[in-house]
Amino acid sequence: MRLAAVDRVAAAAGLDPGLTLADARARRPDLETFPADPEADRRTLLALAEWAGRYTPLVSLDGPCGLVLDIAGCTHLFGGETALLADLTGRLRRRGLTGAAAIADTATAARALARTTPGTVVPPGGNAEAVAALPVGALEADPSTVATLDRLGLKRIGQLVGLPRQTLAARFGPDLLTRLDRALARADEPLSPLRAPPAFLVERTFAEPIRLVEDIERTIRTLAGHLAEPLTRHGQGARRLALTLFRLDGRALRIEAGLSRPARAPDVMASLLRERLVTFDSGLDTGEGIELVRLAAEVVEAFDAEQVAAARIAPDRTEDEEALARLADRLAARLGRDHVVRLVSRDSHIPERAAAAVPAVDGLSGTHWPQPLPRPGRAPERPLRLLAVPEPIEAIAEVPDGPPIRFRWRRVLRRIARMEGPERIAPEWWAQAGGGLQEASEDAATLTRDYFRVEDDAGRRYWVFRAGLFGRETARPRWYLHGLFG
Amino acid sequence: MPDAPDTLPDLDSLRRRIARLEGDGGGSAEPDQSRVASPVPLGHPALDDTLGGGLRRGDLHEIRASEANGALAFGFAAALAARLCAWPGGDRVDVDRPPLERTAQGPTGRHRPGGRWTLIVTTFDGAGEWGRPYGPGLAAFGLDPGRLLIVETRRPREALWAAEEGLSSRALAAVLAEIRGDPAVVDMTATRRLTLRAARSGVTAMLVRPGAGAGLSAARTRWRISPPADLGVSESLALPQPAWQADLERNAARPGGCFTLMWKPDEHVFTPAPPLLTSGIADPGTGQPGSAWSGSDWPGSDRSGTAVPRRQAAAPAGRTAEGGSADRPAVLPLRRAG
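Line by line, the protein sequences are chains A and B.
The first sequence begins at 0 in numbering that gives the first Met the number 0 and counts up by one.
The second sequence begins at 0 in numbering that gives the first Met the number 0 and counts up by one.
A portion of the hints provided could be inaccurate.
Unchecked claim - Okay, the calculated bits of chain A under chain B, using three or more residues with CB under 8 Å as the criterion:
| id | segment |
| --- | --- |
| 1 | 156-167 |
| 2 | 323-335 |
| 3 | 341-347 |
| 4 | 381-387 |
| 5 | 454-462 |
| 6 | 474-485 |
Everything labelled a hint here was simulated from the structure, so no lab data went into it.
Where is the CB? At the ideal position from N, CA and C, for every residue including glycine.
My request is simple: use the sequences and hints to build the entire structure.
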């Protein structure tokens, strides 16, 4: 076992990460240790990233223990870069976290400075100067590269600046050069923010933290009104809203709501978010209070052209569509987006793949089911309800490839009085993956199925199938029940 | 917005409002007839007579069954919803304004492009027991799967909430909610709330309750669904169209009755079940049924005599070799085929 991380006291005592536990104990018998939990670390970092969203919507993870914040254009809200940095470190400290932070033109430079001289604020364009004195190791290049540079007497980043680029690239590979360019702000550094930047964003800060749900709801209503303005100005409607409640203790609660049709009416947006607030089972935990509420339209869509025109041509129809969309959104906000669905037809003759359920929030239009549908004078060919996974049944047939005579499903023996079939459905050899059958039986997914519509002597109808052609695909075909008729 | 072209409400609408308030508060008071849409005839003459013209819209209809017949109860409710959707203007109720499409449709209109949607609410529990609503099957049943909003909830309470939300939205034709068993939340108050919401919006509610006991309910009609009796065991293997034994246990102020109904998905209409569902002339090779019962006017039908006095026992009797001839002679002059 080795040390994964050490605190300031341990570091001062000469213990470094990577040291074996036995060695560390030998040096400091009073060492306190806790098992490393990288998963918990990651969760904490993600929570911290959510919180850091208060400074900028562009937050990316930096390795296992760092965050990179793109604060371009945000600093004036906090009284300048120095004030922002002080605010951030102060809040971290009050939360009991030891953080090191720095501001520079590029992430690589800021990272290097944070790890060597935390608290540095590099003025714009001052990167080269600021990093020149830093050790080469601050570039976090490959350790062997750093060791080689060290042997060559190149200990400071500034020493690398004057060297011919070709030589550096030839000797150490392109990676070192890229890192150097980024540290010196000679090259752009792509960041991958955890969340895409929202299209529109409004927020409200409270000098006196709010706690009551009523206050939060009122704030939501106000913010929704503010958000409607830029949406209207740009002819956009929101398809996804995100409400973030920043708690005083440094936690951030995020609430998302999808809209199946773009909307920008404050009432619509606010009521949807309120619906989501209700879903917190044990009530909303506001902790010591909420100091900042932010409402963002994360996904937007053109609103005016289509919807306004449609409303003029067919007000009745449009009103219905609008009401339906709002209903779907409200249901999805409360019950979860995957539990409010519509059915779409898929091009497959495998029953479980012939229809798919898609979240209603993703849109309600454009569903067309192939015609003609019901067969005159005939019983429906397909069951009203389909089981998620076909259930194995014990069926008796007169001959192995004949129709069933009786079967046992869920412990009850059912005698077949009427029957239609077989309807043979061959497997789709080009798409073997997926489908519920694998769970029921490994081989059944690859076998031909003979479906029968059967009615038992009580008058209930079932859709059963035999998996596998007798003699050709299997010696003992298995039977399954796949659905129920109404 | 197009709802209110006038700023001043006229006297009639004020009267309607008062009537509505009284209707909501009083419980027994009949809502003002002027705002109640005409009922949708189901197609079975005796049943429509019993119902007072057909299925009432903007109201709650409860459909109970044993657990084993859960899928049948759902099928019956789906057939009712399909009937409402197919009836000209059946998916909308003239609460405040006349329907726009009434004149444009034939008597058995198919899915119209502008038709309203149906909300289906099920629970995880029900989906595990009977499966999830299946698009191709619903289509074959006469319900357009492209106009269904399907909700699956964890608890009965959420299912009730979803049904209430659906009933508050005028965008729907019908709400079909399935709640398994007898949870305490489905009580008089809950069904009363559904009824009020349905009356206010004009959306028709079907509450499907497989495994429910004999608890009270505020539903306008209450049905008990079982497999159609007296079909017997057949030599011919072809399946007839979906049919149910539907016992109308509660029918507002009117008497109930027992009916054997058949659903014709292609015509979106209920008919009395033909006397010989087990047609010996069906061709087993193709499953094509014989002409004896393929139309609505099969020979020997006794449409006027289809209703029988209400039975005391809810369980379907007469699934014996003798058939139900002793049980309800007037309904089905049936004999086993072969």
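Here is what the structure says about each hint:
1. By the rule of at least three residues with a Cβ nearer than 8 Å to a Cβ of chain B, the coverage given for the segment 156-167 of chain A is violated, with 0 such residues.
2. Against chain B, the segment 323-335 of chain A contributes 8 residues with a C-beta closer than 8 Å to a partner C-beta. That satisfies the three-residue criterion, and the hint holds.
3. Closer than 8 Å: that is the beta-carbon criterion, and the segment 341-347 of chain A has 4 residues meeting it against chain B, so the requirement of 3 holds.
4. For the segment 381-387 of chain A, the proposed coverage by chain B is satisfied: 7 residues have a C-beta within less than 8 Å of a C-beta in that chain, meeting the threshold of three.
5. Taking a C-beta to C-beta cut-off of 8 Å, the segment 454-462 of chain A contributes 6 residues in contact with chain B, enough for the three needed, and the coverage statement holds.
6. Here the segment 474-485 of chain A counts 4 residues with a CB under 8 Å from a CB of chain B, which clears the bar of 3, and the coverage holds.
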